[in-house]
Amino acid sequence: MGAVTYPNPDVERFIEENFIPVQFNVVEQPDVMAQFNSSWTPTLILRDPEGREHRRAEGYFDPKRFIAEMSIGLLKAAINWQNFDAAKQRAPAVLEATKGDREREPEAIYWASVADYKGSHDPANLLRGWNRILDEFPASDWARRVEFIRQ
Amino acid sequence: MAGDNIRWRHSIEEAAEESRRAWKLLFIDLFNPG
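Chains as they are written, first to last, in our numbering: chain A, 1 to 151; chain B, 1 to 34.
Incorrect hints may have been included.
[To be verified] Derived DSSO-like pairs: lysine-lysine, alpha-carbon spacing no greater than 30 Å straight-line:
hint	chain 1	residue 1	chain 2	residue 2
1	A	Lys88	B	Lys24
2	A	Lys88	A	Lys76
3	B	Lys24	A	Lys118
4	B	Lys24	A	Lys99
[What the hints assert, rightly or not] Anything over 12 Å on all C-beta distances counts as not near chain B; from chain A, calculated:
hint	residue
5	Ala124
6	Arg132
7	Leu134
8	Pro138
9	Ala139
10	Arg144
Everything labelled a hint here was simulated from the structure, so no lab data went into it.
Note that the structure is a prediction, hence the values are computed from the model and not measured.
Ideal Cβ placement from N, Cα and C applies to all residues, glycine included.
Using the sequences and the accompanying hints, generate a full structural model.
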């Protein structure tokens with residue numbers, strides 16, 4: 001991460017704009033592994049100041065996948081806080097960040113649809129996105145999670 | 001270390017306070033330099 005991903009200008013900007021970055025060297029501070037319930041590095045965690053975790057990713061991420069992964073975390077945090085206006089505002093950027101990522105694009109559509117539904121209480125907003133997952137990402141795990149809508 | 005342009009914090013308590021003031025999430029990286 002330190003050799004390729006963090007020096008990337010898009011990643012630097014993304015982190016600066018959205019997060020307070022905290023880094024622990026687990027060799028110098030082995031106790032942090034237990035503190036953050038981790039058993040492997042790199043472990044990347046999005047957490048709010050009250051200690052609630054909103055996203056966790058383990059392993060290496062190249063710059064594009066890193067921004068996609070953490071963008072979904074930002075969306076999930078807004079949903080977890082039940083701030084659906086913020087989630088809806090953030091959704092287009094998350095969908096853009098995950099575009100072409102076969103793992104994360106359907107997940108982003110899933111959660112953007114949830115945010116839209118929770119903010120509007122209109123099931124059509126949920127079904128629109130979930131049908132898109134079934135049409136465009138039929139082999140994805142996210143399609144399995146929503147296929148019941150067509151049964 | 002590469003990535004030095006990111007202003008990493010190293011205290012979770014101080015970072016949490018800053019996070020609260022800035023309305024930003026904490027991004028925590030646990031890394032092994034080896």
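Here's how the hints hold up against the structure:
no., hint, verdict
1, Lys88(A) <-> Lys24(B), "holds (17 Å)"
2, Lys88(A) <-> Lys76(A), "holds (11 Å)"
3, Lys24(B) <-> Lys118(A), "holds (23 Å)"
4, Lys24(B) <-> Lys99(A), "holds (24 Å)"
5, Ala124, "holds (31 Å)"
6, Arg132, "holds (27 Å)"
7, Leu134, "holds (31 Å)"
8, Pro138, "holds (33 Å)"
9, Ala139, "holds (31 Å)"
10, Arg144, "holds (29 Å)"
Hint violations for this structure: none, all hints satisfied.
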